[in-house]
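Using the hints, put the two standalone chains together into the complex.
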Amino acid sequence: MPELPVEIPIPTPHQAVFIMVAVATSVASLLVVTNRNLFYSALCLVGALFGVAGVYVLLEAEFLAIAQVLVYVGAIATLITFAIMLTRGIMFGTTSPNNRHMFAVMSMALLVFLLVAGLVDRVPWAVAEDLTLSGDGKSLIVDLGWEFVTTYALPLELIGLLLLIALVGAVMLARDDE
Amino acid sequence: MAEWYQVLMAALVGAGVPEWIATAIALLVGVTAIGLVAPLIALILVWLLRKVISRIQDRIGPNRVGPFGLLQTIADIVKLLSKEGINPSRADFMAYNLAPILSVFGVLLLFAVVPVTRGLIGVDINVGVLYIVALGSIGIMAALMAGWGSNNKYALLSGFRVVAQLLSYEIPLVLSMLAVVLYAGTMRFGELAEQQGNFLGLGWYVFLMPGAALIFFVCALAESEQTPFDLLEAESELIAGFHIEYSGMRFAMFFLAQFLSGFVFAWVGAAMFLGGWQGPGVDLPGIGGFLAAGYMMIKTFAIYLLMIWVRGTFPRLRVDQMMSFCWKILVPLTVGLISWQMVVQVLDLPIPVIAVLVLVGNLLVMGIGLYAVGRAIRQEGFRTKRAFTPDSLIGTVQPVAE
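As they're listed, the protein sequences go chains C and U.
The numbers in the numbering used here rise by one with no breaks, and the one at position 52 of the first sequence is 50.
Count along the second sequence starting at 1, add 15, and that's the number in the numbering used here.
Bound conformation, chain U alone (with noise of 0.2 Å):
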């Protein structure tokens, strides 16, 4: 349950407010609070992303403005509110000027359910993990009038990728998550840690179903489109993308919301898969709920930092590869995964029985992934070799004979 909520209505109201006055002063509280943060959150994840990315590329990154860099993006943001927002003449006003903000708005109220520690979640609806889905579409809706409302090509062409890649990339991410969700019974975040906490805390479902956090992974990689998927802002082919036509603090915006949609993907994941608060020591009294909110950062941050090392070091897919990636590996294995699970839980067997045969089925899973791809690339990289060559080139450009 979200235990902060009803302990500041408790004080409110013992401090002789009215019932109402407290509830909404709670609600606005808890509001606040997450449209601060997760903004401060982004500035840290901006000048990680820079560092990390700089160390992997033997670079030094932002080293001038601040200890270590530090206040570099302060320095940026400062920049971009003072540059000029222009608005194209030819440009749809509301459709242009909306989209930022909404982009923004989706994602800040995905914070309102990822848990921090035991009773500080914005709200532990019982429907969580499908929050976290259903929410997902208002950042495509944004993208999309983004494309459409800027009245240039490429914004448009991105509107479109967006929408495909997007929507694709929803069904395996749902139905990975839906593993998580028929092992535990439940869609609430709160009773998804608590259920990872055997073995001093480290039950996590990490170790029990290694495929679908796999895949969970790589479907969060490409909802918050980043690198390996990051073809909404291919630079060479659309320049920047749907948010070409923006500047100053629009641009901002969008940016913004990019680095939090990552984050709280980041977030879901360490919740659902890697124990959520849980770690040896959590029950302690006193210190035992820092260690939890620290823990939970931890395992964020853990998962954030490999999001950047793969950005750090793949390539860019193209966009077929993209999506057959997706309707013809990521869809038919998760709902193999799906479908022997339930099949599992349904058979009346002892649970650590079930275990084992659900840590088979995601061992399987990922061993059929990682075959299929591996035989993609070789197929690909044979395809590229012959494409070179002079043969492949008759009734294209030919090289002039002498």
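Isolated chain C (complex conformation) (with noise of 0.2 Å):
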């Protein structure tokens, strides 16, 4: 009987890991776009979030997991279920999930898939030959702080212009007429 060509590659600790991860991550996603209840969508959202946060533990970017949990978790995902919270039809009642853009969405999610998809195989990206963590991981914190503040200034300014117009404009939008 001839071999098998194809060895069935076992997987370390840390790739099932990863597998159990990324497949609970995807179900997550797929739920907040299936469920017909919009409070359990935004459930499954926090889940997900949390699971993207558990791939960069394993990529060991604990700052970014954290940061990501405080951020996504911590304050959009609380504020998301506190507004279908407050808007109390939605709350209650189911939604379908299918409207009359589903498949102009459908095309272009696809296409956005393909695009990321060519991205991640076909540009080389540049990959460091070390990627071992320097020394105890401490200077990775103030390494990222320093680079904040010199090399990535002004993105970083941007960033804090960006949100001060969102939350000047939010102001704008929710203040009572005089």
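These aren't lab readings, by the way, just hints derived from the structure by calculation.
Treat the numbers as computed from the prediction; the structure is a model and nothing was measured.
C-beta atoms are modelled at their ideal positions from N, C-alpha and C, and glycine is treated no differently.
Don't take each hint at face value.
Keeping only pairs whose Cα atoms sit at most 20 Å apart, straight-line, the calculated SDA-like set for lysine to any residue is [to be verified]:
#1 U:K94 to U:M109
#2 U:K168 to C:P122
#3 U:K343 to C:F80
#4 U:K98 to U:G263
#5 U:K94 to U:G263
#6 U:K168 to C:T85
#7 U:K66 to U:W324
#8 U:K343 to U:W324
#9 U:K343 to U:V80
#10 U:K94 to U:M264
#11 U:K343 to U:T328
#12 U:K168 to C:L165
#13 U:K98 to U:W324
#14 U:K168 to C:L84
#15 U:K66 to U:F329
#16 U:K168 to C:A81
#17 U:K98 to U:L58
#18 U:K343 to C:V166
#19 U:K66 to U:I40
#20 U:K66 to U:A39
#21 U:K343 to U:R331
#22 U:K168 to C:V166
#23 U:K343 to U:E395
#24 U:K343 to C:V53
#25 U:K168 to U:I254
#26 U:K168 to U:K66
#27 U:K98 to U:F83
Sample of chain U residues with no beta-carbon within 12 Å of chain C, all distances over it, derived [claimed, not checked]:
#28 G174
#29 M312
#30 G327
This is the structure in structure tokens:
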């Protein structure tokens, strides 16, 4: 009997954990869009965001993972849930996830997926030779902070400005007319 | 570093266990230890709270079950276990049942990063301080799910309050912790404790930044829903808050989560401001390690007792008072404190000068804060007095003129 040409790879523990996290994230993201109850969608979104944080942990980017949980789960998902809770009609009824834009949106999603897949597959990403973490990891955060105020000072300031504009805009929209 | 992990791994690998099984066993031991010890601590916390509050209120407190009523909590747990778990018919099954589990889960995760002694930290991650803040959001989600899932108006109102309160107080909490992080230059709890080891282990940050420590304490009270800020379960207005529809063990889980979150914030405060495990004699061979763990526990319980004292002494704030206290007093103060400290630390000064300038900034912040609170209280008293004079009743309820 001929040997199988392809060896079935046995995942290392690290890969096994990654597969579990990735599957959980994907299922949660899928549930966000297919769920009929908007509140459940929001809860699934929280799950998906946690899954992404898990991926960051596996990539040894702890700071990014914690920032993900802090910003997305702690603030954004909570605000989304809050908004859903305030709109009572949406909260208790079920809505259909499909509407007349379904096919347009699906083809858009497919195009974006192909674009991203092509980018990941074809572009020769510059991978650093030595990805081992330097020392105790303390310098990582110090370096990160230093880079933010030197090399990436302009993008950081622009993001701050953007957030300020959003804040002022929100206040303008919510203000009572006098 | 988390040395217990390496010691355990080395012992297991040395005994001929394959490495991945050794990793799994070591992780399982750590997780089990945290999962078992935390609820056991809660037993002590509940007993301590009831005893101390009783003493403050001139009562004796639990004294029937076991010596000094020590076994009272166990009796209560048996009672809660045997109670019926009611599922309201209109409640949302998923959200209603998931919420108590999530709330305990969120608090237990916090125990993973708090230090016990040198080399005995669950995981000494390099973003430990931020981790504590980030995982607080799980508690918010749990309360929100409970409030919504119960399908009860009072529970839902309490859910709104949870979000408003916890999200608001997170900002001064983070900024007051940032004061320590900026000065120490690390977010690792292990290193934070190491850096407070000067002066015979008494170089605590609370002496250097009393303002930040005070603000941290106030925000910790708010974040763990303790008394001046326990509007979430205001009995007279919201009956019991978001856990009104819960009974039996599911209610007990919310209870457990609340006690443990107060304790974990006390622990974090002790680790950041009271020097962690540092104290005289921790470097002695042999007993040093036990001494260090003892110091850590004594400091944590000291802060917890302070929380109980506040709980037994202070009345509850009103919602608008709570929010304006956060946004109009705490947030500007902490922002000012952080800006001052950044400027001081960027200037190329010798370390003692920096320390003195930081201390001056903190004392200033404390002074301004206490003055602002005092003024607000005086105004409030004036307003309340005026509210009850007959003049203010015009247009509302008039006394019947004879």
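Structure-based check of all given hints:
1. U:K94 to U:M109: 26 Å, violated
2. U:K168 to C:P122: Not OK: K168 (chain U) and P122 (chain C) at ~56 Å, beyond 20 Å, violated.
3. U:K343 to C:F80: 23 Å, violated
4. U:K98 to U:G263: Holds, at about 5 Å.
5. U:K94 to U:G263: 8 Å, holds
6. U:K168 to C:T85: It holds: about 14 Å lies between the C-alpha atoms, which stays within 20 Å.
7. U:K66 to U:W324: Answer holds: K66 (chain U) to W324 (chain U) is near 11 Å, not above 20 Å.
8. U:K343 to U:W324: 26 Å, violated
9. U:K343 to U:V80: Violated, because 47 Å separates the two Cα atoms, which is more than 20 Å.
10. U:K94 to U:M264: 9 Å, holds
11. U:K343 to U:T328: 24 Å, violated
12. U:K168 to C:L165: 30 Å, violated
13. U:K98 to U:W324: Between K98 (chain U) and W324 (chain U) the Cα gap is close to 31 Å, so the pair fails against 20 Å, i.e. violated.
14. U:K168 to C:L84: 12 Å, holds
15. U:K66 to U:F329: 17 Å, holds
16. U:K168 to C:A81: 16 Å, holds
17. U:K98 to U:L58: Roughly 19 Å between the alpha carbons, so the hint for K98 (chain U) and L58 (chain U) holds.
18. U:K343 to C:V166: With a Cα-Cα distance of about 18 Å, the restraint between K343 (chain U) and V166 (chain C) holds, given a limit of 20 Å.
19. U:K66 to U:I40: Distance of about 39 Å is beyond 20 Å: violated.
20. U:K66 to U:A39: This hinted pair is violated, its Cα atoms lying about 41 Å apart.
21. U:K343 to U:R331: Roughly 19 Å separates the two Cα atoms, so the pair holds.
22. U:K168 to C:V166: With a Cα-Cα distance of about 32 Å, the restraint between K168 (chain U) and V166 (chain C) is violated, given a limit of 20 Å.
23. U:K343 to U:E395: 15 Å, holds
24. U:K343 to C:V53: 39 Å, violated
25. U:K168 to U:I254: Within the cut-off at roughly 11 Å; holds.
26. U:K168 to U:K66: 34 Å, violated
27. U:K98 to U:F83: Between K98 (chain U) and F83 (chain U) the Cα gap is close to 26 Å, so the pair fails against 20 Å, i.e. violated.
28. G174: The claim is violated: G174 (chain U) sits with its nearest Cβ about 7 Å from chain C, within 12 Å.
29. M312: 27 Å, holds
30. G327: Nearest chain C Cβ is 31 Å from G327 (chain U), so the label holds.
The structure fails hints 1, 2, 3, 8, 9, 11, 12, 13, 19, 20, 22, 24, 26, 27 and 28 (numbered hints given earlier, in ascending order).
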